[in-house]
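S.K.: Here is what each chain is made of, one letter per residue.
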Amino acid sequence: MFTAWTQIFKRDLLIAFRRRSEIIHPIIFFVMVISLFPLAIGDDKVLLQKIAPAIIWVTALLATMLSLDTLFRSDFEDGSLEQMTLLKTPLSMLVTAKIMAHWVITGLPLILITPLLAVLLYMPSESISMLLLTLLLGTPTLSLIGAVGIALTVGLRQGGVILSLLILPLYIPVLIFATLALQNVEQGFSAEAQLAMMLAILVLAITLSPFAIAAALKVSLN
Amino acid sequence: MEKQYSFTANLNVKNLACWRNDQVLFNNLNLSLSPANVLFLQGENGSGKTSLLRILCGFRLADEGDIFWDNKSVLSNYEYFQNISYVGHKNGIKDELTVEENLNLMRSMATASDIKTENVLKQIGLFKRADVLARQLSAGQKRKLALARLMMTENSFWVLDEPFTSLDTATVEFFELLIKKHVTRGGMLILTSHHEINLSGLSVNHLNLSS
Amino acid sequence: MGLFAILFVYGLYSGLILAPIDYEQGEAYRIIFVHVPAAWMSLFIYMVMAITGAIALIWRLKLAEIVMISCAPIGASFTFLALVTGSIWGKPMWNTWWVWDARLTSELLLLFLYFGVMALYNAIEDRRTAARAVAILALVGVVNIPVIHYSVEWWNTLHQGPTVTKFDKPSIHLSMLIPLLVMAVAFKLYFIGSLFMRVRTELLAREQKSKWVTALLESK
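Protein chains in written order, with numbering that gives the first Met the number 0: chain A, 0 to 221; chain B, 0 to 210; chain C, 0 to 219.
Any given hint might turn out to be false.
If we take Cβ atoms under 10 Å as the criterion, some of the chain B residues that face chain A in the derived model are [what the hints assert, rightly or not]: (1) PHE39; (2) CYS56; (3) VAL86; (4) ASN90; (5) ILE92; (6) LYS93; (7) MET105; (8) SER107; (9) MET108; (10) ALA109.
It should be emphasised that the hints constitute simulated quantities derived from the structure, not laboratory data. Glycine is no exception: its CB is placed at the ideal position from the N, C-alpha and C atoms.
Excised from the complex, chain A in its bound form:
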């Protein structure tokens, strides 16, 4: 049961490593969009500092959504998905391997580069650690929820636009709690409640979304 899981996980990492551009593009997008804000607003330290968490989080949301596009597409197109449904390991398990590999490839680099961008937006250092914590708790949730949308639209030609219609409303709780946590820290309050909520949403997403993803993939195969 777990051999298939680890095989898929390793396979996806290896493929991503051979197709490096797919890892790098969302990161470049992330960096570029964030650097657009100071250019548009002007070098206003107070304002930038105030809206930095919002900028970083909204951009992270969009970058995650963009990067998800490749999650199931190649498996769908080359027939690997059909083969995966015939394995002993349930599809709902296998998709978690794919999502985890995908998060390691796209989510983790995004988190690693964030401190640099936070400095560009004049974020104070105590907020940066909180920002990283919210991203660490939030981006896996985004991947899991986004995967449902991707699984539903993988067979469609104009999937991209519809995908954003489907999953952006579902991303809002994560966005709200993450930015609230950051606001709290800035004002010197505890952000425990918000972090607990984010953790709860992550647990909920881990338990429920694999089944939705597997069901959606089977519908897309039809």
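Given chain A's structure and the hints, the job is docking chains B and C onto it.
M.R.: Frame of chain A; chains B and C shown alone:
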């Protein structure tokens, strides 16, 4: 005498119907297949051959009717689906992996089989190209690689959709032998093909979906 | 539909003319007789959609698929109505057309969810596949709605607290409550009526080749 398959049963399809939007592909389709038998699907393009195979593999839902394996509906019978080896229009191999990596992946996920990857490579004539990315193979070589999953499985039910497209004569003969071995071991096979296939000595039923 | 018209007219009349003027909000509050029932309906219809979606997925009933997909445009219309009336109400109350208050925001997000459902349904060619995809989406949405609502609530609350659900000590006067409930029933009837019409059309369109439809056409 080859070792017989341990997991096998009768397949029965009752009143199967498949529509594509408003168009009826087939209606009231009944068929049955027992171990050591071959079902050869025929019919013109668009008569629903591929759709039927995909329904049998669970990729597509039938609009009406049921499929029974061992007289039990397959809807919640995972053993049935895990016992299928399917080679469809899409090869199911990863372009970014080498030939050998693709084979290793297939083998690690297949039901128990002791054949070595090296032997498979030699038999399908890709030994020298083991480290080449699958992307760089020709269409025929890719097809060989896709069919190689049949050499590494203990599944007793094979579903093959146009298996021999773009293969050369020698390779076709090799896989014909593989199919014969499979069926004499008590295996079952449903296939479609526009190529002449030599299945002499096997019990073959024909089903024409056009009529 | 006839019953809907009677209740609707009575509800509107008693709400807009008979009910007393609110001592804080003046005449403007009267729009809640449309706004509140519409907001209730928007959520109620999403629930109906999710439940029929679950039925469609589990038992693969074609009728459930059709009911589910027929719900979406009606639900979206009610959500839109709730948003527009909420914003009209907001103008005299808050002196601005739009306030990012918790419930209006939730309602807006609900509208987005409805848009997603309709977009997905229209994007997939095969009707049955589309219906199953939408059913999954509706179920995912229904799990998310409480989370979304809760997060938005936490994020900001400017709106009045719930005034109707406190049954022990209703803070709303009976002369206002009755028209409100009459309107709610009227909207529900409208939903059922228009749902039946949509289901009938969709069913006939899907089954246009089947025997009973041809028989029906020939008999006319």
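S.K.: For each hint, tell me whether it holds in the structure or not.
M.R.: Hint check results:
{"no.": "1", "hint": "PHE39", "result": "violated, 22 Å"}
{"no.": "2", "hint": "CYS56", "result": "holds, 7 Å"}
{"no.": "3", "hint": "VAL86", "result": "holds, 9 Å"}
{"no.": "4", "hint": "ASN90", "result": "holds, 6 Å"}
{"no.": "5", "hint": "ILE92", "result": "holds, 7 Å"}
{"no.": "6", "hint": "LYS93", "result": "holds, 6 Å"}
{"no.": "7", "hint": "MET105", "result": "holds, 8 Å"}
{"no.": "8", "hint": "SER107", "result": "holds, 5 Å"}
{"no.": "9", "hint": "MET108", "result": "holds, 5 Å"}
{"no.": "10", "hint": "ALA109", "result": "holds, 9 Å"}
In this structure, the one hint that does not hold is number 1.
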